[in-house]
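Chain residues, written in single-letter form:
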Amino acid sequence: MLIDEAGGEMSRDYFAGNDADLVRRKLIEKIIEKLLMFSAGISILAIVLISLFIFAQGLPLISEIGIRSFLFSLDWSPSRGEFGIGAMFIGSLVVTFSALLWAVPLSLTVAIFMAEIAPAKIGEIMAGIVELLAGIPSVVYGFFGLIIIVPFIRNNLGGNGMSVLAGAFILGIMILPTIINISRDSIVAVPREYKESSLALGATYYQTISRVLVPAAKSGIITAIILGTGRAIGETMAVVMVTGNAAIIPENILFPVRTMTSNIVLEMGYAVGDHQAALFATGIVLFVFIVVLNLVINILKAVKRNENI
Amino acid sequence: MGRKIKIKTEDISVFYRDFQALFNINIEIEENKVTALIGPSGCGKSTFLRTINRLNELIEGTRTKGQVYLEDVPVYAKDINVVALRKKVGIVFQKPSVFPMTIYENVAYGPKIHGVKKKNLLNEIVERSLKAANLWDEVSSRLNSPAAQLSGGQQQRLVIARVLAVEPHVILMDEPASALDPVSTSKLEELISELKKKYTIVIVTHNMQQAARVSDYTGFFLNGYLVEFNRTSELFVNPRDKRTEDYITGRFG
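One line per chain: the protein sequences are A and B, in this order. Using the numbering used here, the first residue of the first sequence is number 1, and each one after it goes up by one. Using the numbering used here, the first residue of the second sequence is number 1, and each one after it goes up by one.
Looking at chain A on its own, in the form it has when it is part of the complex:
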């Protein structure tokens, strides 16, 4: 009886005594919440405004000359009012895919080595070095390409050196870190039980890697490749410096090429009127590319989630 009363008293005190404190804490909570919302709002607003601006600048021109002739016409002569980015459109694709062609197999091999074959400590150190590779400014890559790669191609393979090949080489190096580190992370994230189970069934190391670990990390690896692709398509500075920038469709990999990003950066300084609009329109095409790539990544993630249920 006595104890009960004392207990009741205590709990009343407990709730009453904290009123002021509770109000203060709730207020702080509210302020922080608003602050976070404000920050998020500003960054979203910035993205929306930039997108709107690009589309407002570029879209009228595209609708005027038609999406098909804008994308596929090979006639780019702004002074005569001809705005076809066909050569640049194909140029971007050619340079990007040539870069992927050698960078993807190399990156995956390196990622597997780092994740599974090298001792954990060495894997970590290598990841750090690869990370460093990602931090080098693109102009430095471009400079390296211009001084070393371009003359090498000119002297050994012919042409003037400024070429698809030089671009693919430099771009490939630039996307290595993206593909290597994301693939490595996804391979490392495969549960240890998979590896042990496979080996315990008498599989060799190679069988375990190729039949269990890599398939289990598949969606992460594809994400890595897509992010690398995005980086390659969007890269500008290094590409401008080594590809020669002729607005033609290259006949082979020793020909010069101009990408969409190069097109914008080379001509923006003096473009006015329709010419400027055409450069913004080129930006829209790049924008759509990146959005599609991101969509694919999100779809992959959703598929992966469904598989795991």
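Since the hints were made in silico from the structure, they are not lab data. Glycine included, C-beta positions come from ideal geometry on N, C-alpha and C. Treat the hints with care, since some could be wrong.
Stated by the list, open to error - Pairs of lysine-lysine residues, derived as DSSO-like cross-links and limited to a Cα-Cα distance of at most 30 Å, are as follows: (1) K117(B) <-> K195(A); (2) K195(A) <-> K33(B); (3) K95(B) <-> K131(B); (4) K65(B) <-> K121(A); (5) K95(B) <-> K304(A); (6) K218(A) <-> K118(B); (7) K195(A) <-> K119(B); (8) K195(A) <-> K187(B); (9) K218(A) <-> K78(B); (10) K78(B) <-> K121(A); (11) K195(A) <-> K95(B); (12) K218(A) <-> K121(A); (13) K218(A) <-> K117(B); (14) K33(B) <-> K198(B); (15) K195(A) <-> K65(B); (16) K242(B) <-> K195(A); (17) K112(B) <-> K218(A); (18) K118(B) <-> K195(A); (19) K65(B) <-> K4(B); (20) K112(B) <-> K195(A); (21) K301(A) <-> K95(B); (22) K112(B) <-> K304(A); (23) K196(B) <-> K4(B); (24) K304(A) <-> K198(B); (25) K8(B) <-> K195(A); (26) K196(B) <-> K195(A); (27) K198(B) <-> K195(A); (28) K195(A) <-> K131(B); (29) K218(A) <-> K196(B); (30) K121(A) <-> K196(B); (31) K195(A) <-> K88(B).
What the hints assert, rightly or not - Across the chosen pairs, the derived CB separations fall in these ranges: (32) S51(A) <-> S151(B): 42 to 48 Å; (33) S51(A) <-> V83(B): 55 to 61 Å; (34) S151(B) <-> I148(A): 46 to 52 Å; (35) V140(A) <-> Y16(B): 28 to 34 Å; (36) Y206(A) <-> S141(B): 31 to 37 Å; (37) V83(B) <-> A118(A): 18 to 24 Å; (38) A84(B) <-> L36(A): 58 to 64 Å; (39) I28(A) <-> E60(B): 44 to 50 Å; (40) F19(B) <-> A118(A): 22 to 28 Å.
Since the structure of chain A is provided, determine the placement of chain B on it from the hints.
Below, chain B alone, put in the same frame as chain A:
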């Protein structure tokens, strides 16, 4: 009918860098019996289990001293083929480790890596293994759905089917029921009793009732030492060591 020894260990010690996890373990494990290893967490029972198929060496910094004989063949001899050894000794882990593939592919994985290519033969092995693991009736209509869709208990039996598919001689189980509900656990224990007719089974468990229910022999591990090893009926009724008695009566652990 003489006892036939399947696995024999000689002074097995395991070191993890500077830490010694096992001290001179000597055990003889009888064929077609279930041997349970019990003890508190970190006592070395799982480590001991993994010495039998040399899984410990996958962990960097691990050294093993002593010798394990499987069917009189020294497992830690220099010229041993680890792949062949592991084919003979299957293991089931605590967490059901089904691969992210279909039910069929999970079971067919082992035979495939060992070179079975004929579709008919694979089908046969998959069916036989799933039946032996008491899972066939539950999954026969959906062999091509992802294994991850199965319940925890079904996944654990699928892992056992995957082990059976490579026709091992010994099956190691590392706390196979600790993530399962009571119904799945009793199904698994039933399965263990059936499997011992054909296989030699070593099971690590922290559940003493389970050890008492399923096993013929029990070993009690403490701090890296094998304190006592005896027939299960003896060990639980007449423990010879004070520490064993304290543990099975719940005074620590």
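Evaluation of the provided hints:
1. K117(B) <-> K195(A): holds, 22 Å
2. K195(A) <-> K33(B): Roughly 28 Å separates the two Cα atoms, so the pair holds.
3. K95(B) <-> K131(B): holds, 22 Å
4. K65(B) <-> K121(A): Holds - the C-alpha atoms of K121(A) and K65(B) are around 25 Å apart, at most 30 Å.
5. K95(B) <-> K304(A): holds, 20 Å
6. K218(A) <-> K118(B): holds, 27 Å
7. K195(A) <-> K119(B): holds, 25 Å
8. K195(A) <-> K187(B): Distance of about 27 Å is within 30 Å: holds.
9. K218(A) <-> K78(B): violated, 36 Å
10. K78(B) <-> K121(A): It holds: about 27 Å lies between the C-alpha atoms, which stays within 30 Å.
11. K195(A) <-> K95(B): holds, 13 Å
12. K218(A) <-> K121(A): With a Cα-Cα distance of about 24 Å, the restraint between K218(A) and K121(A) holds, given a limit of 30 Å.
13. K218(A) <-> K117(B): Given pair K218(A), K117(B) holds - Cα atoms ~24 Å apart, limit 30 Å.
14. K33(B) <-> K198(B): holds, 9 Å
15. K195(A) <-> K65(B): holds, 24 Å
16. K242(B) <-> K195(A): violated, 40 Å
17. K112(B) <-> K218(A): holds, 21 Å
18. K118(B) <-> K195(A): holds, 25 Å
19. K65(B) <-> K4(B): holds, 25 Å
20. K112(B) <-> K195(A): This hinted pair holds, its Cα atoms lying about 16 Å apart.
21. K301(A) <-> K95(B): holds, 24 Å
22. K112(B) <-> K304(A): Within the cut-off at roughly 25 Å; holds.
23. K196(B) <-> K4(B): Between K196(B) and K4(B) the Cα gap is close to 14 Å, so the pair holds against 30 Å.
24. K304(A) <-> K198(B): violated, 39 Å
25. K8(B) <-> K195(A): With a Cα-Cα distance of about 27 Å, the restraint between K8(B) and K195(A) holds, given a limit of 30 Å.
26. K196(B) <-> K195(A): Holds, at roughly 27 Å.
27. K198(B) <-> K195(A): holds, 27 Å
28. K195(A) <-> K131(B): holds, 26 Å
29. K218(A) <-> K196(B): Given pair K218(A), K196(B) is violated - Cα atoms ~38 Å apart, limit 30 Å.
30. K121(A) <-> K196(B): violated, 42 Å
31. K195(A) <-> K88(B): holds, 18 Å
32. S51(A) <-> S151(B): 42 to 48 Å: Holds - the Cβ-Cβ distance for S51(A) and S151(B), about 47 Å, lies within 42 to 48 Å.
33. S51(A) <-> V83(B): 55 to 61 Å: holds, 56 Å
34. S151(B) <-> I148(A): 46 to 52 Å: violated, 60 Å
35. V140(A) <-> Y16(B): 28 to 34 Å: This hint is violated: roughly 45 Å between Cβ atoms.
36. Y206(A) <-> S141(B): 31 to 37 Å: holds, 35 Å
37. V83(B) <-> A118(A): 18 to 24 Å: holds, 22 Å
38. A84(B) <-> L36(A): 58 to 64 Å: holds, 60 Å
39. I28(A) <-> E60(B): 44 to 50 Å: For E60(B) against I28(A), whose Cβ atoms are near 47 Å apart, the range 44 to 50 Å holds.
40. F19(B) <-> A118(A): 22 to 28 Å: Roughly 24 Å apart at Cβ, these two residues keep to the hinted range, so it holds.
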